[in-house]
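Listed below are the residues making up each chain.
Protein chains: 2
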Amino acid sequence: MKFYDCRTAPSPRRVRIFIAEKGLEIETIEVDLGSKEQLSSEFKKINPNCTVPVLLLDDGTRYTSTAGIRNYLEALHPTPSLMGENAMERGMVADTQWRIEMEGQVAMAEALRNSAPRMSGRALTGPFDYQQIPALAERGKLRVERFLNGVDSLIGNKAYAAGDFFSIADIDLLVVIDFAKWIKLELPEDAINARRWYEDVSSRESCKL
Amino acid sequence: MKFYDCRTAPSPRRVRIFIAEKGLEIETIEVDLGSKEQLSSEFKKINPNCTVPVLLLDDGTRYTSTAGIRNYLEALHPTPSLMGENAMERGMVADTQWRIEMEGQVAMAEALRNSAPRMSGRALTGPFDYQQIPALAERGKLRVERFLNGVDSLIGNKAYAAGDFFSIADIDLLVVIDFAKWIKLELPEDAINARRWYEDVSSRESCKL
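Order-wise, the sequence lines are chains A and B. My numbering numbers the first residue of the first sequence as 46 and each following residue consecutively. My numbering numbers the first residue of the second sequence as 46 and each following residue consecutively.
Keep in mind the hints are simulated off the structure, nothing from the lab. A few of these clues could be false.
All copies of an identical chain are treated as equivalent in the list; a pair is satisfied when it fits inside any one copy or across any two copies.
Unchecked claim - Straight line, CA to CA, 30 Å or less: simulated DSS-like cross-link-like pairs of lysine-lysine:
#1 90 x 229
#2 229 x 81
#3 90 x 226
#4 47 x 229
#5 203 x 89
#6 90 x 203
#7 47 x 89
#8 81 x 47
#9 67 x 203
#10 203 x 47
#11 226 x 203
#12 67 x 90
#13 67 x 89
#14 203 x 81
Just need the whole structure built from these sequences, with the hints factored in.
Shown next, in the form of structure tokens:
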């Protein structure tokens, strides 16, 4: 089994933390997005979608999304559970994680990829080039601000994002908040619950990766 | 348990088909998106995010995303499985479904909501108003075309989108293809595998909903 990673990109980090929390040792290969290695003919043989993360199994099966990789590993190594142990937990983790991905991660990617000069012509990941849309960068930034303003009530008096246990919802929320620093956005000063949660989760060994 | 639905919207259909495939009977409440009922103070008590689908449990727990609802119901009623029965299947279903959602469903929503006159000022679902971005409508349409062109190789010689069993990947693919008709896009004429699959899946009783 091989894990194709990139230390500087947010989505591979979502898998990296997951693997560390499970206590798994998986051969890891660094893909250099800075030099556009993901668009090379060599890497396209690994993943025609030209993205990381990728998990390649020994039989040739490959998962080319965070969702695919984490669902596979969760079923293969159920303990510790990172996606919920019963129906209520599984529903709440999936619900919370989906919202964090769509309202946080996607908005943040829109804000960055549609404005950063180095991403000119690369407003979306994948094999096709898309021009930047400045209005989408602006909208993305506004949505990230609103998302960050909502983290305090999302956490509330709970220990973790989806309840009293650490899950993929926490992983993705942490990664979005750190990703938002790239456009100089952060949790509001007075977001006491959110900041208590952030400090706690950030101190986990896995989350230093 | 109550399911908040809307017969004319794509995401609730993804849950409606899922519920029918499971053979469940759940009290269903129609929300009239046409008259913006989802933005009413009454509905905001059900879902502050102002979206359907919603699954409200008797104890007040609510899931406000397709992902949350389906993960909850899958764990509660595992047979027939619609998300895979073992690690390989679960990984493949999640991987395929995620790509269909991000490259098909999201692109299609971008194309429609950023161009349809009736969605002026409502380019995103949710409690906030966002102006349409014409360049995003154009990009969305191009991405949907590319997505539809890729369905034939996605299906290949398999019976279903994620393997030899019907899953949420099939549900979401069907819903995207039908959704694309709204902007007059369809599967290519020569997409033999995709059309064979589409005809087969469309003929299921659940998929007529």
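Which numbered hints fail: Hint check: 1, 3, 4 and 14 fail, others pass.
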